[in-house]
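S.K.: When you get a sec, could you build the whole thing from the sequences and use the hints?
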Amino acid sequence: MNQKYTPNPLKQVSRISSAALLLLGLSTNQIAHSQDGDDDVFNLEAFKVTGSFAGSLAAAAQEKKFKPTIVEAISAEDIGKLPDTSIAESLARLPGMTSQRVNGRSQVISIRGFPSEFTTGLLNGRELATTSNNRDIEYDQFPAELLSGATVFKTTEAALATQGISGTVNLQTVRPLSHGKKTIATNVFYEWTEKGALNAGSDDSGIRFTGTYIDQLQEGKAGIAFGFSHTDKPGQGEQWQAWGYPSGDTDEYGNISIIGGAKPFVRSSSLERDSFMFVLENEVSENVRSTFDAFYSNFAETQLLRGIELPLWWSSAQFREGSEVVDDSFVVEGIYDNVYGVVRNDIATRDADVYALGWNVEFEKPGDWTAEADIAYSKVDRVDTVLESYSGTGSNQSGIPDTVAFNMSGGTGAVFSPTIDYTEPSNLVLSSPQGWGGNIVPGGQLGYLKEPQTEDELLQIKVGAKRELDNQTFSNLQVGLRFTDRSKSEAEVGKYLALPDGATQAPLPTTIGTTDLSFIGIAGMASYDPIAALNSGTYQIINNPNADVVAVDWNVDEQITQLYSQLDIDTRIGDTPVTGAIGFQYVFSEQSSSGLAASGEGDAVETLPVSDSHSYEDFVPSLNLNFLLPQDQYLRFSAARQIMRQRMSDMRAGYQFSYTPARANIGDPIDGPWGGSGGNTALEPWRANAIDLSYEKYFKDGMGYWSAALFYKDLRTFAYKQKQIRDFTGFPFEGSTPATFLGGVEVPQNGSGGSVQGVELTLSLPGEKLSDSLKGFGAILNAAFTDNNVQPDPNDANTPLPGFSDKVASATFYYESENGFAARISGRYRSEYRANVSSFGPRGEDFRTVQDETVIDAQLSYAFQSGSLEGASIILQGYNLNDEPLVTYEGNDPRFVRDYQSYGPSYSVGMSYKF
1 MNQKYTPNPL
11 KQVSRISSAA
21 LLLLGLSTNQ
31 IAHSQDGDDD
41 VFNLEAFKVT
51 GSFAGSLAAA
61 AQEKKFKPTI
71 VEAISAEDIG
81 KLPDTSIAES
91 LARLPGMTSQ
101 RVNGRSQVIS
111 IRGFPSEFTT
121 GLLNGRELAT
131 TSNNRDIEYD
141 QFPAELLSGA
151 TVFKTTEAAL
161 ATQGISGTVN
171 LQTVRPLSHG
181 KKTIATNVFY
191 EWTEKGALNA
201 GSDDSGIRFT
211 GTYIDQLQEG
221 KAGIAFGFSH
231 TDKPGQGEQW
241 QAWGYPSGDT
251 DEYGNISIIG
261 GAKPFVRSSS
271 LERDSFMFVL
281 ENEVSENVRS
291 TFDAFYSNFA
301 ETQLLRGIEL
311 PLWWSSAQFR
321 EGSEVVDDSF
331 VVEGIYDNVY
341 GVVRNDIATR
351 DADVYALGWN
361 VEFEKPGDWT
371 AEADIAYSKV
381 DRVDTVLESY
391 SGTGSNQSGI
401 PDTVAFNMSG
411 GTGAVFSPTI
421 DYTEPSNLVL
431 SSPQGWGGNI
441 VPGGQLGYLK
451 EPQTEDELLQ
461 IKVGAKRELD
471 NQTFSNLQVG
481 LRFTDRSKSE
491 AEVGKYLALP
501 DGATQAPLPT
511 TIGTTDLSFI
521 GIAGMASYDP
531 IAALNSGTYQ
541 IINNPNADVV
551 AVDWNVDEQI
561 TQLYSQLDID
571 TRIGDTPVTG
581 AIGFQYVFSE
591 QSSSGLAASG
601 EGDAVETLPV
611 SDSHSYEDFV
621 PSLNLNFLLP
631 QDQYLRFSAA
641 RQIMRQRMSD
651 MRAGYQFSYT
661 PARANIGDPI
671 DGPWGGSGGN
681 TALEPWRANA
691 IDLSYEKYFK
701 DGMGYWSAAL
711 FYKDLRTFAY
721 KQKQIRDFTG
731 FPFEGSTPAT
741 FLGGVEVPQN
751 GSGGSVQGVE
761 LTLSLPGEKL
771 SDSLKGFGAI
781 LNAAFTDNNV
791 QPDPNDANTP
801 LPGFSDKVAS
811 ATFYYESENG
821 FAARISGRYR
831 SEYRANVSSF
841 GPRGEDFRTV
851 QDETVIDAQL
861 SYAFQSGSLE
871 GASIILQGYN
881 LNDEPLVTYE
891 GNDPRFVRDY
901 QSYGPSYSVG
911 MSYKF
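Residue numbers (this note's numbering): 1 to 915.
Keep in mind that the hints were calculated from the coordinates and are not lab data. The C-beta atom is built at its ideal place from N, Cα and C for all residues, glycine as well. Keep in mind that a hint or two might mislead.
Straight-line Cα separation of at most 25 Å, DSS-like style, residue types lysine-lysine; simulated pairs [as the list claims (entries may be wrong)]:
1) 365 <-> 466
2) 365 <-> 221
3) 495 <-> 263
4) 67 <-> 462
5) 379 <-> 263
6) 769 <-> 700
Just the calculated beta-carbon pair ranges, DEER-fashion [unchecked claim]:
7) 795 <-> 667: 49 to 55 Å
8) 184 <-> 300: 47 to 53 Å
9) 799 <-> 882: 27 to 33 Å
10) 773 <-> 630: 27 to 33 Å
11) 667 <-> 353: 37 to 43 Å
12) 375 <-> 184: 29 to 35 Å
13) 292 <-> 573: 41 to 47 Å
14) 795 <-> 207: 48 to 54 Å
M.R.: Encoded structure:
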């Protein structure tokens, strides 16, 4: 697993050149340059989006058809009128793509079965700082209404700024000069959830509205566009989570399993997002064009979670023998006595600001070199507050115990029947029912406060040049230089909540109502505002000094220099026109990090500053060939080296360490007295060799297309957690001087990878292609089937690749009439996959297998065709209409439910207007 990857530029050049020569057949008797009036076969056909869904599909197909690489595309139905509240929902319906739902909405995107970390996100062709803990973009930051479309590059070329292994997503804002007309568009929607307000003090409805203005100035030599979008989106959900299912041997039933504890919540969320877009284009002169664009989004989310955490088998609770009902070695009914439930009033908030600025200047002189200069800056500031607040009937040493019956037969988790009325405030006190955190807070903590902060800054500079070539094979030469400087940091501040003066319990704060917990069989719980309790001085706050908190803070700096050269291909093989590109990138990377090495708990914590740096280089060749076959058929081939830099948190310098004198006599330092775990600044990128083959058949008159694509990715490197020898000289220790200061620290390291391969099928078909009687009807269908042999856990061959679904599919059926009525229904399916399932707050690392799911959305609209309301549309939308839950099991037994999250359907109704 510790193999060292060393790029071999000469071998890569030889391989890619051989492939190019073989496929192009570059001999003088085979090639005839297109020079007899057929050069325009690859020119983009004139097509205008008319505001219809069918029109947007046709425009997206045109983009797919004429791109030099294999892509998928989304085109807005009209300015300000993409069909979803965020671009994430739209991306999840594209072939081979899917999303993981977070709090009921799509957030991160997976392409071709890879984890989201293998995808790069761009805005107007530029890499972005991200709000996530790593590099992957959280696409719910981007309102669909402010985007003109999105392109997903599934293959790469040298001129593409930043690439991912699974794909590169480029979000686009409108270009006013290309838009070509003055447009004012606005919309407003009222949104609500079917589940209602589950939490006391929460809302089940909100407002979303957008305004966009586009105009051309100075007789068409300048263009301006700006837009504003406000979203107040409610979310409600019921979340069941099991601690697990311990097993044991019995005389009567043999080996049986039983629920060990539960953490059920009702969740109410409010997402407030304010976003701005601005674009200024200017034809400075006949040969110079300047484009400045800016994007800003403030993303504020609040999650209220209330529930009763029930420690059962793994606690002071006692199972009542004789109460059990056992079905096939599983206890489906029983009673626990001496239960001390932790009544939780929790809240998690996020405030994230996203800034993105870009300025591009193009210098063009026909028949000579053209040049481009581009500078971009993006920044993210993110602050989270995650507050847990505990109450109950007192501590498990002196409080009032409960008796709780449970029933597991429903398949959605346990239904409980307690004997204590948790809706009555007088039955509850602020306390530590289980004594958690007693090593820091005498008697146990009354809650916990985390305030992680993330900063991410990214500067990208590009200079490039292009020259037309008078050549029978190559049409253009492109060369350029890009430089990226990125710095990202995260600091997690942890604090215990205690009561002043050493008290172990206090009266419940003023209640604000009752939260309904009937989904787990409990009538409800008395609820209070945990933030108000915190701000009122109810608690004493004690900083968490433990090493596991101190050592995870990190900052990583990167400087990436990229040289690229590309020859654009425009030739013929026999009578077949061939386009494409052959080129390479040379990438030199420098990375560094600083942090703390920490050991111990409480007052015994010891820390030392640590830092590290690393540099490496990559040679990244690529070849793309597009064969235009008769009857509007395209055959595309791509072969490329692809790289994707690792998770930034895995590249941190900080780590936990320990010294165990009892292991001092072990000869091998890898398992000796020194040890620890943490990050690895020397971690190099994921690297893959990729081959793609795509066939596309486009129907006449823009009547859709069908395509089939094969891909194979040989993942040359992956990252595995393995022990690495480090020198602990100068680190603190107890007892006599150690015989060695070398020890093993478990960190992510580069190792061998595996392969990922699959097939993607797409059909986009207007009904009138089949029959005139089906005019207005249509469908777009896609499916992807993938397989892999990547083993992400070297110690467990059964651990699947995170985010990998071997089957992904989506279907949209639509109808649009000439009188303005339109309807469509969409369903997207993904098979089971391993996901990071966090109950609330920032995404930690809690991986489980999510069961297969199908989510159904629909939309009805009517566009006024004449009169005073011409240009207006009324729109009704429904999301998750089938109330598809997120479900995980322990092992492969569906009775062992670990998570069952039900979000319910949500709806919006509103009006859009454009003139």
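S.K.: Each of the hints needs a verdict: does it hold here or not?
M.R.: Hint by hint, here is what the structure shows:
no.	hint	verdict
1	365 <-> 466	10 Å, holds
2	365 <-> 221	17 Å, holds
3	495 <-> 263	21 Å, holds
4	67 <-> 462	22 Å, holds
5	379 <-> 263	36 Å, violated
6	769 <-> 700	9 Å, holds
7	795 <-> 667: 49 to 55 Å	23 Å, violated
8	184 <-> 300: 47 to 53 Å	28 Å, violated
9	799 <-> 882: 27 to 33 Å	30 Å, holds
10	773 <-> 630: 27 to 33 Å	30 Å, holds
11	667 <-> 353: 37 to 43 Å	54 Å, violated
12	375 <-> 184: 29 to 35 Å	31 Å, holds
13	292 <-> 573: 41 to 47 Å	43 Å, holds
14	795 <-> 207: 48 to 54 Å	51 Å, holds
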